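J.: Residue numbering for the sequence shown follows the working numbering, beginning at 17 and increasing consecutively.
Incorrect hints may appear among the rest.
To be verified - Per label pair, the in silico range of CB-to-CB distance:
| no. | residue 1 | residue 2 | range |
| --- | --- | --- | --- |
| 1 | Trp118 | Pro78 | 17 to 27 Å |
| 2 | Cys109 | Asp58 | 42 to 52 Å |
| 3 | Leu20 | Trp118 | 36 to 46 Å |
| 4 | Thr110 | Asp65 | 43 to 53 Å |
| 5 | Pro82 | Ala54 | 34 to 44 Å |
| 6 | Ala125 | Ser21 | 42 to 52 Å |
| 7 | Cys109 | Leu131 | 33 to 43 Å |
| 8 | Ser21 | Ser121 | 20 to 30 Å |
| 9 | Leu126 | Ala63 | 28 to 38 Å |
Derived by calculation from the structure, the hints in this document are not laboratory data.
What you are looking at is a predicted structure, and each value in this text was computed from that prediction instead of being measured.
All C-beta atoms, glycine included, are put in the ideal place defined by N, C-alpha and C.
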Amino acid sequence: MDGLSLASFLPARARGPVTLAEAAHRIGEGTTLREAVADFLDDLRFARDGDDVADRIREEAPTIDPHTDAYLAAVAEHVAASHGLRVPPWTRCTTRFLDHFWWPSATPALHVRALVESPAAFRRRGIFIGRTTLKRV
């Protein structure tokens, strides 16, 4: 492999489970919203049980900007609802809701589809995403 070892592709140290609050910190440091949430959702697939899932969304995500704040609250609410858990109280704060509609997609042709497909936690915050946005393989 051209002198590269497997170690050069692995993280320097193992990391613990990604929480939504940690994802927010990464966004604040420059990681895109899409990438940080995707990493959170990827990691969430390995949660041991409902308590583990709840632990990953319990801590309030730090505030960044109105769009990101509402989006992260929607993710937490959607994850809780999908796992039959209580929705974390921090997601109900008025600053976690937009006062206008927002489509995170830069593709206007997908906006109509997002109006129909967006999960309830997102719609009620004025955020419209496609059905597959939160799907991980």
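J.: Next, verify each hint and record whether it holds.
T.: Evaluated hints:
no.: 1; hint: Trp118 <-> Pro78: 17 to 27 Å; verdict: holds, 20 Å
no.: 2; hint: Cys109 <-> Asp58: 42 to 52 Å; verdict: violated, 27 Å
no.: 3; hint: Leu20 <-> Trp118: 36 to 46 Å; verdict: holds, 42 Å
no.: 4; hint: Thr110 <-> Asp65: 43 to 53 Å; verdict: violated, 32 Å
no.: 5; hint: Pro82 <-> Ala54: 34 to 44 Å; verdict: violated, 21 Å
no.: 6; hint: Ala125 <-> Ser21: 42 to 52 Å; verdict: holds, 45 Å
no.: 7; hint: Cys109 <-> Leu131: 33 to 43 Å; verdict: violated, 25 Å
no.: 8; hint: Ser21 <-> Ser121: 20 to 30 Å; verdict: violated, 39 Å
no.: 9; hint: Leu126 <-> Ala63: 28 to 38 Å; verdict: holds, 30 Å
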